[in-house]
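Asks: Spelled out, the chains give:
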Amino acid sequence: MNKELYKLSYTLKKQRQHKIVTIVLFALTIFTCIMLVRTFFLFAVRQRSVSMQPDIPYESNILFTPIIGTPERGSVVLLKSRSEGTSSLLLRAADTVINFFSAQQLSFFDRGSLMGSSPQIRRIIGLPGDTIYMRGYVVFVQPAGQKHFLTEFECVKNAYDVNIVAAPSGWDSTIGVSGSFEKINLGRDEYFVLGDNRCSCVDSRLWGPVNIKNIKAKGLAVSFPFSKLRLL
Amino acid sequence: MENAVSLYVHIPFCLSKCTYCDFYSVPCGAVPDSYIDALLNEAAFRAEKNNCTEWKTVYVGGGTPSLLTEKQITALFGGLKKISGGKLPDEVTMEFNPCDISAQKLDVAFRAGVTRISCGIQSFNEAVLKEVQRRSSRKDIDTALSCIKYNWKGIFSADMISALPGESSESFASGLEMLAGYMPDHISLYALTVEDGTLLGNACRSGAVPYDYDKADAMWISGRDYLVRNGYVQYEISNFCLRGKECVHNKAYWDQQNYIGCGAGATGTIYGIRDGVTVRQTNTRNIPEYTGFWLHSSILEQNIPAETEYISPETAAFEFFMMGLRTASGVCSEIYETKFGTAFPLTTEELFKKWKAEGKCTITERRGFHYYALTPEGLLFLNEFLESL
Numbered sequence: 001m002n003k004e005l006y007k008l009s010y011t012l013k014k015q016r017q018h019k020i021v022t023i024v025l026f027a028l029t030i031f032t033c034i035m036l037v038r039t040f041f042l043f044a045v046r047q048r049s050v051s052m053q054p055d056i057p058y059e060s061n062i063l064f065t066p067i068i069g070t071p072e073r074g075s076v077v078l079l080k081s082r083s084e085g086t087s088s089l090l091l092r093a094a095d096t097v098i099n100f101f102s103a104q105q106l107s108f109f110d111r112g113s114l115m116g117s118s119p120q121i122r123r124i125i126g127l128p129g130d131t132i133y134m135r136g137y138v139v140f141v142q143p144a145g146q147k148h149f150l151t152e153f154e155c156v157k158n159a160y161d162v163n164i165v166a167a168p169s170g171w172d173s174t175i176g177v178s179g180s181f182e183k184i185n186l187g188r189d190e191y192f193v194l195g196d197n198r199c200s201c202v203d204s205r206l207w208g209p210v211n212i213k214n215i216k217a218k219g220l221a222v223s224f225p226f227s228k229l230r231l232l
Numbered sequence: 001m002e003n004a005v006s007l008y009v010h011i012p013f014c015l016s017k018c019t020y021c022d023f024y025s026v027p028c029g030a031v032p033d034s035y036i037d038a039l040l041n042e043a044a045f046r047a048e049k050n051n052c053t054e055w056k057t058v059y060v061g062g063g064t065p066s067l068l069t070e071k072q073i074t075a076l077f078g079g080l081k082k083i084s085g086g087k088l089p090d091e092v093t094m095e096f097n098p099c100d101i102s103a104q105k106l107d108v109a110f111r112a113g114v115t116r117i118s119c120g121i122q123s124f125n126e127a128v129l130k131e132v133q134r135r136s137s138r139k140d141i142d143t144a145l146s147c148i149k150y151n152w153k154g155i156f157s158a159d160m161i162s163a164l165p166g167e168s169s170e171s172f173a174s175g176l177e178m179l180a181g182y183m184p185d186h187i188s189l190y191a192l193t194v195e196d197g198t199l200l201g202n203a204c205r206s207g208a209v210p211y212d213y214d215k216a217d218a219m220w221i222s223g224r225d226y227l228v229r230n231g232y233v234q235y236e237i238s239n240f241c242l243r244g245k246e247c248v249h250n251k252a253y254w255d256q257q258n259y260i261g262c263g264a265g266a267t268g269t270i271y272g273i274r275d276g277v278t279v280r281q282t283n284t285r286n287i288p289e290y291t292g293f294w295l296h297s298s299i300l301e302q303n304i305p306a307e308t309e310y311i312s313p314e315t316a317a318f319e320f321f322m323m324g325l326r327t328a329s330g331v332c333s334e335i336y337e338t339k340f341g342t343a344f345p346l347t348t349e350e351l352f353k354k355w356k357a358e359g360k361c362t363i364t365e366r367r368g369f370h371y372y373a374l375t376p377e378g379l380l381f382l383n384e385f386l387e388s389l
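Taken in sequence, the protein lines are chains A and B. Using our numbering, you'd call the opening residue of the first sequence number 1 and step up by one each time. Using our numbering, you'd call the opening residue of the second sequence number 1 and step up by one each time.
In case anyone wonders, no lab produced these hints; they're calculated from the structure. Because the structure is a prediction, the values reported are computed rather than measured. Glycine included, every Cβ here is placed at the ideal spot set by N, Cα and C. Errors might be hidden in some of the hints.
Said to hold, decoys possible - Residues on chain A that point at chain B, a partial pick, calculated with CB under 7 Å:
1) Thr22
2) His148
3) Trp171
4) Gly176
5) Val177
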């Protein structure tokens, strides 16, 4: 009976079409809003590495914002994959579009098997203009315009922990990712980033300083597991 | 005129499949004699077709070549020797699973002409070996290493993999120390690559097995540094050796020299035989089809069960960098120009200069030849370099 009515009544047919269009538009608007927020304001990243232990454990969720401003010392940042940083503007634009419409499920640059190619979470230790050196996995920092070196922990507003494991017997801190390096000066827009798990992480000790262009987002909080819930 | 070509022989049989392995192999308790006969027929045919008068190097890999019986080992190398004018080259490698190593088998292999064995250790951690379904246990590995030490007269190479699931930095370090204690002439230290389609790949994708690339990279770097500190020379990304013990066979791949591939699933490449076009042929993986053809058919080239790929000069030029830059000696611009008949690309030279300024590349001149090589740190970013080409 209902089907017959829709066949006969022009008004009912229009009303039904209007209802469908409204529902589709509503869903699209919601999807677009969520995607806009996730792309430009706030998104979560699953940490699948021990590189930021102990503060950011393996399999934790971290909330990031792409609004970076001027990164501060001690901030946790998400880096662009190294291939993304060197690719053309066109490819990066295409990647943004694909990433947006696939709800962040697809990317040209997400190729985890290449060293340093997947996005990585690290902490900013050195800022542009700093002179830094490392001994025993701890960085000593002479901020621009200052006379003395301080440990990295004395230069930050928010305290953080690092993980330093004693090397196996017969191995020393020069084997593997180095626990020491001589003084280096950071240039304009150059940031020195390290993982908190200093013995089991690949970072600026290997890549060198990171340009601000290669910082993708700033960490806001650990949202999961709840036992590690904290602002970054 | 003598023409020596390297030979790769594939034995695609395993008793069990390791979860990370993406090499072609089928489960099998024993290697059929017919497969060895087929292999020898193929080797003879391909040697003749490519005017190969002798083998430059021979490498028997798998799969598990050590599943071959002593009789089959003698037959295989005896047959290869016959094809090669009655002599085998100085380097004849055979891969061994630690479980298959015995004093008698090593002796048979040596007398058959094998001069180099490559033993897949991968890890010394019992739990890790179980997790990745290696056939060998820790006890098998200890027994095999001890047997090699007292019975093997040739060159000994061992394979290790960093960061297999369940491997800790400590267990990896102690395993590498233990291996170095046996002083292998050659160690291949691979960073685990999780390949799609493998059991491990599927487990990682589903989240059943956690995998941490950061930790894996850091572990591999510590292994590299440890080996270099203990007298091993890193002559290729994943290969380390005592001075003068480089694997000549692998150099054939890296230097783009011709090599013949025999066996089901094996690949061979002959450079520039068709107007500068390289021909790469990969045999069928279907073992009955392979054996049937090489044993019973009248052998016509067009009927060979294999896929043929024609590599353009542009692709071959890219592979020149891809393979050559894996090595510590790098690539030579004059060799490039001779091989491809074009000038060394200016953009590539600029890229090398940029990387040199960052300490990731060296540019040297020796006797009028210019060599471009990535430093040990630069080698870590080889893929990034290739993407920038």
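Asks: It remains to establish, for every hint, whether it holds in the given structure.
Replies: Evaluation of the provided hints:
no. : hint   : verdict
1   : Thr22  : violated, 39 Å
2   : His148 : violated, 29 Å
3   : Trp171 : holds, 6 Å
4   : Gly176 : holds, 3 Å
5   : Val177 : holds, 5 Å
Checked against the numbered hints given earlier, this structure breaks hints 1, 2; the rest are met.
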